[in-house]
Amino acid sequence: MKTRLMSVASLFYPNNCEDIKRWIKKWETSPAPLSHKGTKALIVPHAGYVYSGETAFKAYKSVDNEVSQVVVVGPSHKVSFKGASIGQYETLQTPCSPLICDKALIEALSEKFDWLTFLPNAHEEHSTEVQFPLIDHFFPKATVVEIVYSDVSALTLSALLEECSKLPKTLLVISTDLSHFHPLERAKTLDSFCLKAIRNLNTKDLEYCEACGITGIAALINLASKKGWETKNLEYTTSYEHSKDSSSVVGYASAVLV
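Residue numbers (our numbering): 3 to 260.
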């Protein structure tokens, strides 16, 4: 095992701690989200911090319970492969402090699920990496597991999430953006199906949803429905709010499941 180095710093988020703290200080000035004890999972976006950082920040900030393990699950954007890759690392580099990986959980999951492998190039992945500085800020003492999935079904991935949820004080973090590169009003329409599915915890509403992490959303909805969890603090924004370009936007959502 070794350190997972930053691969998208300077592109999606600052590569130095001072600038990370500057972003966080800025987001702290916005109205605080409702806090929730017993939070089981988050859905968060993964664009550059200038576009979706605050939307993700609000979800993390709403967690009002002790977190010992964070399992970060995101879709692969760079490579295609069967199953999912689990990061076989000791630490995850961030601009501030390294995150400690949960070696025991990584080994246990690798033994239980034969579709979990370790492909180093799959972990040059922004959907998971952009979460690391926020995890470092809110849960600096928690251990972390990074899972990047490609060709895997929602039901299969849901079984892994359920296994992780059995551990006390575990937080599941599901990374996804919503629709990509549609005109603003079309994007809002498409994203409304995603938001409805997340709000109602109903995978049928995902039929018209466009999301790069739709498998992760569906997997979490399956688990949440089984466990009787509820959706709280559903936030929605688009890239238009920063770019002011309504001709081609990306949608972002964050949610808290308790």
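Some clues are possibly wrong.
Taking lysine to aspartate or glutamate and the EDC-like style, the derived pairs with C-alpha atoms no more than 20 Å apart in a straight line are [what the hints assert, rightly or not]:
1) Lys198 x Glu209
2) Lys234 x Glu68
3) Lys143 x Asp66
4) Lys234 x Asp207
5) Lys171 x Asp138
6) Lys190 x Asp247
7) Lys190 x Glu164
8) Lys171 x Glu68
9) Lys171 x Asp247
10) Lys80 x Glu126
11) Lys229 x Glu164
12) Lys228 x Glu164
13) Lys206 x Glu232
14) Lys114 x Glu68
15) Lys105 x Glu164
16) Lys143 x Glu92
17) Lys114 x Glu187
18) Lys143 x Glu68
19) Lys80 x Asp153
20) Lys229 x Glu165
21) Lys246 x Glu209
22) Lys234 x Glu126
23) Lys84 x Glu126
24) Lys84 x Asp153
25) Lys198 x Glu187
26) Lys190 x Glu165
27) Lys198 x Glu232
28) Lys23 x Glu165
29) Lys190 x Glu243
30) Lys4 x Asp66
31) Lys190 x Glu212
Treat the hints as calculated values from the structure; they're not laboratory data.
So, going through the hints one by one against the coordinates:
1. For the hint pairing Lys198 with Glu209, the CA-to-CA distance comes to about 11 Å; that is within 20 Å, so the pair holds.
2. Annotation: proposed proximity of Lys234 to Glu68 holds, straight-line Cα distance about 18 Å (limit 20 Å).
3. Note on Lys143 and Asp66: the hinted pairing holds, with a Cα-Cα distance of about 15 Å set against a maximum of 20 Å.
4. For a cut-off of 20 Å, the pair hint linking Lys234 to Asp207 stands: about 18 Å separates their Cα positions.
5. As the CA atoms of Lys171 and Asp138 are separated by approximately 16 Å, the hinted pair is consistent with the 20 Å bound.
6. Straight-line distance between C-alpha atoms of Lys190 and Asp247 comes to about 14 Å, which keeps the hinted pair within the 20 Å bound.
7. Distance check on the hinted pair: Lys190 and Glu164 sit about 31 Å apart at the alpha-carbon level, beyond 20 Å; violated.
8. For the given pair, Lys171 sits about 6 Å from Glu68 by alpha-carbon distance, which is consistent with the 20 Å threshold.
9. With a C-alpha separation of about 41 Å, the suggested pair Lys171 and Asp247 falls outside the 20 Å cut-off, and the hint is violated.
10. Only pairs whose Cα atoms come within 20 Å are accepted, and Lys80 paired with Glu126 is accepted, the gap being roughly 8 Å.
11. Of the supplied pair hints, the one linking Lys229 and Glu164 holds, its CA atoms being roughly 9 Å apart against a limit of 20 Å.
12. Restraint check for Lys228 and Glu164: satisfied, since their Cα atoms lie roughly 10 Å apart, inside the 20 Å limit.
13. Pair hint Lys206 plus Glu232 holds up; C-alpha atoms about 17 Å apart against a cutoff of 20 Å.
14. Pair hint Lys114 plus Glu68 does not hold up; C-alpha atoms about 26 Å apart against a cutoff of 20 Å.
15. Annotation: proposed proximity of Lys105 to Glu164 holds, straight-line Cα distance about 18 Å (limit 20 Å).
16. Under the criterion of a C-alpha separation no larger than 20 Å, the hint pairing Lys143 with Glu92 is consistent with the structure, at around 14 Å.
17. For the hint linking Lys114 to Glu187, the alpha-carbon distance of about 44 Å lies beyond 20 Å, and the restraint is violated.
18. For the hint linking Lys143 to Glu68, the alpha-carbon distance of about 10 Å falls within 20 Å, and the restraint holds.
19. Annotation: proposed proximity of Lys80 to Asp153 holds, straight-line Cα distance about 13 Å (limit 20 Å).
20. With a C-alpha separation of about 12 Å, the suggested pair Lys229 and Glu165 falls inside the 20 Å cut-off, and the hint holds.
21. For the given pair, Lys246 sits about 29 Å from Glu209 by alpha-carbon distance, which is inconsistent with the 20 Å threshold.
22. A threshold of 20 Å between alpha carbons decides the hint, and for Lys234 with Glu126 the separation of about 31 Å lies outside it, so the pair is violated.
23. The hinted pair formed by Lys84 and Glu126 meets the criterion: a straight-line CA distance of about 17 Å does not exceed 20 Å.
24. For the suggested pair Lys84 and Asp153, the alpha carbons sit about 5 Å apart, so the restraint of at most 20 Å is met.
25. A threshold of 20 Å between alpha carbons decides the hint, and for Lys198 with Glu187 the separation of about 17 Å falls inside it, so the pair holds.
26. A distance of roughly 34 Å separates the Cα atoms of Lys190 and Glu165; the hinted pair therefore is violated under the 20 Å criterion.
27. Our distance criterion of 20 Å between C-alpha atoms is met by Lys198 and Glu232, whose separation comes to about 13 Å.
28. Restraint check: the Cα-Cα separation between Lys23 and Glu165 comes to about 34 Å, which exceeds 20 Å; the hinted pair is violated.
29. The hinted pair formed by Lys190 and Glu243 meets the criterion: a straight-line CA distance of about 13 Å does not exceed 20 Å.
30. Of the supplied pair hints, the one linking Lys4 and Asp66 is violated, its CA atoms being roughly 31 Å apart against a limit of 20 Å.
31. Our distance criterion of 20 Å between C-alpha atoms is met by Lys190 and Glu212, whose separation comes to about 11 Å.
Of the hints listed earlier, those the structure fails to meet are numbers 7, 9, 14, 17, 21, 22, 26, 28 and 30, in rising order.
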